[in-house]
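Novice: Residues per chain, in single letters:
Number of protein chains: 2
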Amino acid sequence: MSKDKQFVTEITPQSEDFSRWYIDVIKKAELMDYSPVRGCIVFRPEGYELWENIQRDLDRRFKETGHRNAYFPLFIPESFFQKEKEHVEGFNPELPWVTEAAGEKLEERLAVRPTSETMFGHMYSKWIQSYRDLPVLINQWANVVRWEKRTMPFLRTSEFLWQEGHTAHETEEEARKETMQMLDIYAQFVEEFLAIPVIKGEKTPSERFAGAVDTYSIEAMMKDGKAVQAGTSHYLGTKFAVAFDIKFLDRENTLQYVHTTSWGASTRLIGSLIMVHGDDRGLALPPKVAPTQVIMIPIGPAKMRDQVVGRVDELYAELKKAGVRVRVDDRADVSPGWKFNEYEMRGVPLRLELGPRDMENGQVVLVSRITGEKRIVQQANLVAEVEAFLAETQQEMYDRAKQFRNDNLRSVETLDEMKSFLEAKRGFVEAGWCGSAACEKQVKEETGATSRNIPFEPSEHKKSCLVCGDPAKHTVVFARAY
Amino acid sequence: MSKDKQFVTEITPQSEDFSRWYIDVIKKAELMDYSPVRGCIVFRPEGYELWENIQRDLDRRFKETGHRNAYFPLFIPESFFQKEKEHVEGFNPELPWVTEAAGEKLEERLAVRPTSETMFGHMYSKWIQSYRDLPVLINQWANVVRWEKRTMPFLRTSEFLWQEGHTAHETEEEARKETMQMLDIYAQFVEEFLAIPVIKGEKTPSERFAGAVDTYSIEAMMKDGKAVQAGTSHYLGTKFAVAFDIKFLDRENTLQYVHTTSWGASTRLIGSLIMVHGDDRGLALPPKVAPTQVIMIPIGPAKMRDQVVGRVDELYAELKKAGVRVRVDDRADVSPGWKFNEYEMRGVPLRLELGPRDMENGQVVLVSRITGEKRIVQQANLVAEVEAFLAETQQEMYDRAKQFRNDNLRSVETLDEMKSFLEAKRGFVEAGWCGSAACEKQVKEETGATSRNIPFEPSEHKKSCLVCGDPAKHTVVFARAY
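Keeping their order, the protein sequence lines are chains A and B. Take the first sequence: its letter number 111 is residue 110 in numbering that gives the first Met the number 0, and every next letter is one higher. Take the second sequence: its letter number 312 is residue 311 in numbering that gives the first Met the number 0, and every next letter is one higher.
Take these hints with a grain of salt, some might be off.
Identical copies carry no separate label here, and so any pair may be met within one copy or between two of them.
What the hints assert, rightly or not - List time: in silico DSSO-like cross-link candidates among lysine-lysine, alpha-carbon distance up to 27 angstroms: (1) K287 <-> K319; (2) K338 <-> K125; (3) K62 <-> K287; (4) K320 <-> K287; (5) K26 <-> K62; (6) K27 <-> K125; (7) K443 <-> K418.
Think of the hints as simulated: they come from the structure by calculation, not from any bench.
So that you can see chain A by itself, here it is in the shape it has in the complex (with noise of 0.2 angstroms):
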């Protein structure tokens, strides 16, 4: 059992320090590694299959309300940043910059995208001409570039992978609607397949995308308290359409400016899914975006093993039959225990466990990596069981982590309650905001938190400013993030 032993320990605890924690359980799980380029990582099998769930998922979503994927170009011409002023100042300092190419000084500069509002404005102003054309409702699975000073895997890399929807509309009511409805997906999306509450808001002034009339966000707390945001719409207004001359004759025979949005989530997910579910034995991921939802380990003496193993195989057989995704590690020369600090490192849901008394009662055993309830079920109903045990599983880590959110986020009235709720404790908190970039940003200079967003449905309305005591505007959730 040294061997176990020395496994589990190479994890950092949570409370010792989370960053250390994180770090030691997305290396331990080969979820990724540091690439030789700054800010750069390698999404390995094991990370890369958590995206290709997610992503399955989420474009799912994504075409049953009418969008299609294209693809569009990696560079951005640097004259198309000019043209949307905003824009410009959000992302230049961030970019990097293609200077010359096949031996040969380039005559305009080359960004990588770091998101491709212009290069769709661009094209869209080619192929939208008459309200018949409308709406265009495209996304985008991408790679995408912002040079970042400070990096963390998955939640923060120079380069990370998205996917960006852009849509063009008629009217303002159209594309608000529009803005709105992706938000709602995000927000489906990730608390009913990664068992993650969110907050959903608009972002402050302060907060907005560059170039937007309106920022939209869903707010995740991690188990350090910080936040995560984890997707936001945008509702663009003409801005884009002025600025690339997205022009369309309306069904009066009018030329009007199209409406625009845009919405993306990201490879942050993976990191926010870690921080969520995880814990000092590791990963514990939710059953419906898991590559493996269940572990099968044969148990019991080697002369039985071929025995144990043959019937292993016949139940692993039905369950992925029935589309579990299902796994055996049958390997002879590790043993069990060992097996199961592994997959439990590794954030398997559920473990079957089969022996030779397990046969001669036609049962087997299934110990859930969350809770650690253990289940003897017949061997007859296999597949309904373990279905309905994900099922359950699934649940309870969306109302474990619904749980801690709420335990974790505190109503305040001033500044100074914040400051200590925040000294003794990390998480989110509302509060008051008179609507004053002034006192936005004093509490960012006295506490670290940033306005996450205004929650369209805040615990409480509060009266007034936490910092200035005037008639609050809004209710603002304020927290640090990543």
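Dock chain B against the given chain A, drawing on the hints supplied.
Specialist: Below, chain B without anything else, positioned relative to chain A:
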């Protein structure tokens, strides 16, 4: 009907100018558009969906053979290219360079990846220690960039999408087996899914991948007789292992270099698909890859419209439920004739017509895009009839493409014979070759044709070199190529 006429005559006939036909078709069918970045295209939804279908099927084949996906950085440090001499010579002339980021000049230039052997090599050297870590079987779906002087949408663009597999093995034997397995997977995929017959074979040394020991390819014939390399698989020996120090302790506890392979297929496949199957009416898509397999068009007088559309919707639901990719075009302001032409131009394999008389008789009319064959089938058997017709269409398209390929592949004895064949008719030539680079070069200079590959199954084994008359070492397929 004037609208129909105009529609059709916008496509240049293949016989008049094949390249113009190609551009006309892909623009008209909205598969792509030119972008403002030199040599880069936009994959519009109709074109990107072809890629999504290709991805889904290829990805399944990769996973069934034990490969997993991952994602490696877009940027590759300049020093990495220097490590493998042939590799740098091959790719240096095509590389775009990032020299500045976030307002600062980089210490080392970063290439935008043209392919990722070097980055995989670097990481594999960290991950592989022992024979127990082998084989490593990783694939990556990604964008790559090669700064091309002459471009052709889908077939040769500066940025393109592809997958690149990179594997590492204990022995040469195992790595060579992998190389051939992946070539076979490409061949099966292209023949079964895209209905394109291919010639499998080995590349001559002058056409090898930069850094490979051996390169294998599948070659397809376009309707203008030119070749497209539709997939390649490389045995890299220990070249990249030596360059990147990828060593492992073998079963005898001796330090050894791994043997690596790489293999790739790209969005070129979309170009091939169009050039192999398209005709003067537009695209023609094999059912397996077609985004829409069946287009349903209600027909008949206005007073019957609601009834007919109602029945069309019921049949639509049946087909959809059975997994057929089906769409309804029930627009009232567009004539059926215009729709017929539109979906023929877009290459939809089957058209389903339903009018009042069909309703009375419990029938529908199915029309094949390829053969024009019309079948009147019972609504009660609709799913089975459609599935059978689609399967036959898939086979028919493959058979026709194979017939065309065979009709335009000529076995020749001499360079003169080759020249007169290529003057009379475009196509592939099979000829004996002594193995000297000089003779291969002379063929290229005098005919514009390059050696495509040394086919595993030539139609006959040639005795003498077509240029010098010396005994033939190989039988080679030559062709002009995209």
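Novice: All the hints need checking, so say for each whether the structure fits it.
Specialist: Hint-by-hint comparison with the structure:
Proximity of K287 to K319 under the C-alpha cut-off of 27 angstroms is found in both arrangements, the shortest distances being 15 angstroms within a copy and 26 angstroms between copies. In this assembly of identical chains, K338 and K125 lie within 27 angstroms of each other by CA distance solely across copies; the values are 24 angstroms between and 58 angstroms within a copy. Taking the shortest alpha-carbon separations for K62 and K287, both the intra-copy value of 19 angstroms and the inter-copy value of 20 angstroms come in at or below 27 angstroms. In this assembly of identical chains, the alpha carbons of K320 and K287 lie at most 27 angstroms apart whether taken from the same copy (17 angstroms) or from different copies (24 angstroms).
Within a single copy, K26 and K62 get their C-alpha atoms only as close as 34 angstroms, which misses the 27 angstroms cut-off; across copies the closest is 24 angstroms, which meets it. Only between protomers do K27 and K125 lie at most 27 angstroms apart by alpha-carbon distance; the minimum there is 14 angstroms, versus 49 angstroms within a single protomer. Taking the shortest alpha-carbon separations for K443 and K418, only the intra-copy value of 11 angstroms comes in at or below 27 angstroms, while the best inter-copy value is 77 angstroms.
Taken one by one, the earlier hints all hold for this structure without exception.
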